[in-house]
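Q: Each chain is listed here by its residues.
Number of protein chains: 2
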Amino acid sequence: MSSIWTQARRAARMNPSIIREILKVTEKPGILSMAGGLPSADTFPVDALKAACDKVLSENAKEALQYAASEGFAPLREWVAARVKALGMDVSPDQVLITSGSQQGLDLVGKILCDASAPVAVETPTYLGALQAFTPYEPSFISLASDEQGPLPEAFARLPHDAPGTRFAYLLPNYQNPTGRVMSLERRQAVMAAAKAAGVPVIEDNPYGDLWFDEPPLPSLSSMWPEGSIYLGSFSKVLTPGFRLGFIIAPKALYPKLLQAKQAADLHTPGFNQRVVYEVIKNGFLDEHVPKIRARYKANRDAMAEGLKKHLPAGCEWQSPKGGMFFWIRLPEGLDAMALLPKAVDANIAYVPGAAFYAANPDPRTMRLSFVTLTPELIAEGVAILGRVLGEALAAIPETTP
Amino acid sequence: MSSIWTQARRAARMNPSIIREILKVTEKPGILSMAGGLPSADTFPVDALKAACDKVLSENAKEALQYAASEGFAPLREWVAARVKALGMDVSPDQVLITSGSQQGLDLVGKILCDASAPVAVETPTYLGALQAFTPYEPSFISLASDEQGPLPEAFARLPHDAPGTRFAYLLPNYQNPTGRVMSLERRQAVMAAAKAAGVPVIEDNPYGDLWFDEPPLPSLSSMWPEGSIYLGSFSKVLTPGFRLGFIIAPKALYPKLLQAKQAADLHTPGFNQRVVYEVIKNGFLDEHVPKIRARYKANRDAMAEGLKKHLPAGCEWQSPKGGMFFWIRLPEGLDAMALLPKAVDANIAYVPGAAFYAANPDPRTMRLSFVTLTPELIAEGVAILGRVLGEALAAIPETTP
Numbered sequence: 001m002s003s004i005w006t007q008a009r010r011a012a013r014m015n016p017s018i019i020r021e022i023l024k025v026t027e028k029p030g031i032l033s034m035a036g037g038l039p040s041a042d043t044f045p046v047d048a049l050k051a052a053c054d055k056v057l058s059e060n061a062k063e064a065l066q067y068a069a070s071e072g073f074a075p076l077r078e079w080v081a082a083r084v085k086a087l088g089m090d091v092s093p094d095q096v097l098i099t100s101g102s103q104q105g106l107d108l109v110g111k112i113l114c115d116a117s118a119p120v121a122v123e124t125p126t127y128l129g130a131l132q133a134f135t136p137y138e139p140s141f142i143s144l145a146s147d148e149q150g151p152l153p154e155a156f157a158r159l160p161h162d163a164p165g166t167r168f169a170y171l172l173p174n175y176q177n178p179t180g181r182v183m184s185l186e187r188r189q190a191v192m193a194a195a196k197a198a199g200v201p202v203i204e205d206n207p208y209g210d211l212w213f214d215e216p217p218l219p220s221l222s223s224m225w226p227e228g229s230i231y232l233g234s235f236s237k238v239l240t241p242g243f244r245l246g247f248i249i250a251p252k253a254l255y256p257k258l259l260q261a262k263q264a265a266d267l268h269t270p271g272f273n274q275r276v277v278y279e280v281i282k283n284g285f286l287d288e289h290v291p292k293i294r295a296r297y298k299a300n301r302d303a304m305a306e307g308l309k310k311h312l313p314a315g316c317e318w319q320s321p322k323g324g325m326f327f328w329i330r331l332p333e334g335l336d337a338m339a340l341l342p343k344a345v346d347a348n349i350a351y352v353p354g355a356a357f358y359a360a361n362p363d364p365r366t367m368r369l370s371f372v373t374l375t376p377e378l379i380a381e382g383v384a385i386l387g388r389v390l391g392e393a394l395a396a397i398p399e400t401t402p
Numbered sequence: 001m002s003s004i005w006t007q008a009r010r011a012a013r014m015n016p017s018i019i020r021e022i023l024k025v026t027e028k029p030g031i032l033s034m035a036g037g038l039p040s041a042d043t044f045p046v047d048a049l050k051a052a053c054d055k056v057l058s059e060n061a062k063e064a065l066q067y068a069a070s071e072g073f074a075p076l077r078e079w080v081a082a083r084v085k086a087l088g089m090d091v092s093p094d095q096v097l098i099t100s101g102s103q104q105g106l107d108l109v110g111k112i113l114c115d116a117s118a119p120v121a122v123e124t125p126t127y128l129g130a131l132q133a134f135t136p137y138e139p140s141f142i143s144l145a146s147d148e149q150g151p152l153p154e155a156f157a158r159l160p161h162d163a164p165g166t167r168f169a170y171l172l173p174n175y176q177n178p179t180g181r182v183m184s185l186e187r188r189q190a191v192m193a194a195a196k197a198a199g200v201p202v203i204e205d206n207p208y209g210d211l212w213f214d215e216p217p218l219p220s221l222s223s224m225w226p227e228g229s230i231y232l233g234s235f236s237k238v239l240t241p242g243f244r245l246g247f248i249i250a251p252k253a254l255y256p257k258l259l260q261a262k263q264a265a266d267l268h269t270p271g272f273n274q275r276v277v278y279e280v281i282k283n284g285f286l287d288e289h290v291p292k293i294r295a296r297y298k299a300n301r302d303a304m305a306e307g308l309k310k311h312l313p314a315g316c317e318w319q320s321p322k323g324g325m326f327f328w329i330r331l332p333e334g335l336d337a338m339a340l341l342p343k344a345v346d347a348n349i350a351y352v353p354g355a356a357f358y359a360a361n362p363d364p365r366t367m368r369l370s371f372v373t374l375t376p377e378l379i380a381e382g383v384a385i386l387g388r389v390l391g392e393a394l395a396a397i398p399e400t401t402p
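Residue numbers (the UniProt record's numbering), protein chains in the order written: chain A, 1 to 402; chain B, 1 to 402.
Bound conformation, chain A alone:
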């Protein structure tokens, strides 16, 4: 059969998702999975969605069920433009493009900005799904030196020399996937000044920004250099991922090309879904709903922080995230999170090995734990098991000669 079909060169670079394969493993009944970044299903506003489906199909069925504009549903675009004002952004609804989840935003950005071998800068580590979205467009990934606050401004200063023609830097300023880290105001300002000085525009991905625990979000990166930034947002973490609704906010000069890419990709995001979500959120629903998600996730975060402190062997390192969905653990020397995964699954828990999140030089000692899918009780149980698996693995490491 391989003789009938000739695949594109880019197809050879696309590989099965490790996360996807892991999610399959974690379908084992009863497993305590801290792997997938699945929002707690208890937070889905089922009644509000049910009422909105009924209303849209009672009042606007013909429009909601027909083909629609590629840009998206106008009132939803207006809502988004108004909403991001809180992040210091001053954008027109004409700059908002509704996407089929923010994953599609990444695909469209890759499609219009990436050429084979042209550099694309990413954080170290970075969101695996972004690497997967950009990879088919064959960029050359540059892994920006990063610390617990995100990428270092100095790393941008080196780009014009080390990677001339870098098309963009892909950044997640809030509760980053996978590390949970957040960029301080000073870091944001320094990074954006350095990006601008280096002439490297920024793709800002902000799926977790609303999930803060103690302090509301800082101004977005895009607010600091609007004409050099594309902002990606999502309804997956504050309402439901099952509706696949996200958005792009783009400079006016780039918008038409993103719109053409969107139209070629799937004509438009389901109009029904857009109208239902707009119906739910239009009168301030999120202002009541999201605090409940925050409170729940904060309690989960606390449960995991307590469990990690109690159960993880000496030598493990982590920071307690100030929002979002993830802890990022670095294991003691001699341990390999990927190699340990089968043992963990045997012991009825799952996590994501951190190596998958690196564009280059993966650190095998890292892992990502989600604290949002399980209850605090099950988190405590899962982390206890993790502590035991790690302890046994450490004990099995042969003594090295000094």
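To be clear, the hints were calculated from the coordinates, so they are not data collected in a lab.
Treat each hint with caution, since some may be false.
When chains are identical, the list treats them as one kind, so a pair holds in a single copy or across two.
Stated by the list, open to error - With a straight-line Cα cutoff of 27 Å, these simulated DSS-like cross-link-like pairs (lysine-lysine) come out:
1) K343 x K28
2) K292 x K309
3) K62 x K282
4) K292 x K55
Since this is a predicted model, take the numbers as computed values, not measurements.
Once you have looked at the hints, place chain B on chain A.
A: Just chain B, lined up with the frame of chain A:
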């Protein structure tokens, strides 16, 4: 701003959709649009969808609103595999990939099969949306010589010599968009034998197959060469386009790569939409519903056929389609459908100039008329206006010296 962003080479080949621009023009209130391929909104099964939304959100909300498998909802994939048996296809649910409309199927196919400059063969003329989906992957389009039954088998025989390495031929066997033509059984067999002999696999796009008026569909092209065919289907024309649901059926060897492309593009098609549609169709709903659409569209087809016969000036040529949504008109010498469009819009009607549907050597004398959006009465009115516009244009052509 252009100095900040460097666009991908492929972006330069992407252009605003003429159809999209035309749809904008036709938003003029009260215009009689025969332009867009919009299914009649009166056929949308609103009550069935409302009941299904309620049922899914009452019984399976947590699953329907959560992230889901990239392959699609398993029962829906099983339904598709069973459904295409009627077209002579013997496929496993494992070969079915649910897509965000069949437009996304085209994008995914382009992504894994098209390289810059590699030939892709298309009918003359062909579906504009497919040209738009493939174009970002920079293929070199080959326009297959075609007649009123579709592409000529001889055109395939020439491909190995004229366009070696042709990645695939993109074919629409049933009530083709834009021409409305259908491939006879003999033509299907001859084309698939010729494609196989030439070593050129086939992408079969069948959004209109269920919309037959007198004779049920012939066996699919894919049934004649399963390992050399990808089949694309859609729920847009038999249920609603607003849910954006389509599917790909692929040979098992190609499926994993399409799945990776799907995951990178948008993770998965909305699980909610898949479950709602499955809930509507699982017990034979389409067997009652689609005949109603057929009867309506047949009456519309008859109204347009009668109007064209009555009102179009001598020298216009067309065939009456046996299904689908479109008439394809060829105007007398000296007329240009694109140049006439502003006059038509002034006269309160719209159509799509046929030139947009050619990969090469557009025929400016062609136009596409949809007969499914308007009622028979408005079709009669619209065609009468078209006849007047064409008559006036013909009268304005200066006499040429013999």
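Q: For each hint, tell me whether it holds in the structure or not.
A: Checked hints:
For the homomeric pair K343 and K28, the shortest alpha-carbon distance inside one copy (14 Å) is at most 27 Å, but the shortest distance between copies (65 Å) is not. Proximity of K292 to K309 under the C-alpha cut-off of 27 Å is restricted to the intra-copy arrangement: shortest distance 26 Å within a copy versus 65 Å between copies. Taking the closest pair of Cα atoms, K62 and K282 come within 27 Å of each other both inside a single copy (21 Å) and across two copies (23 Å). In this assembly of identical chains, the alpha carbons of K292 and K55 lie at most 27 Å apart whether taken from the same copy (25 Å) or from different copies (26 Å).
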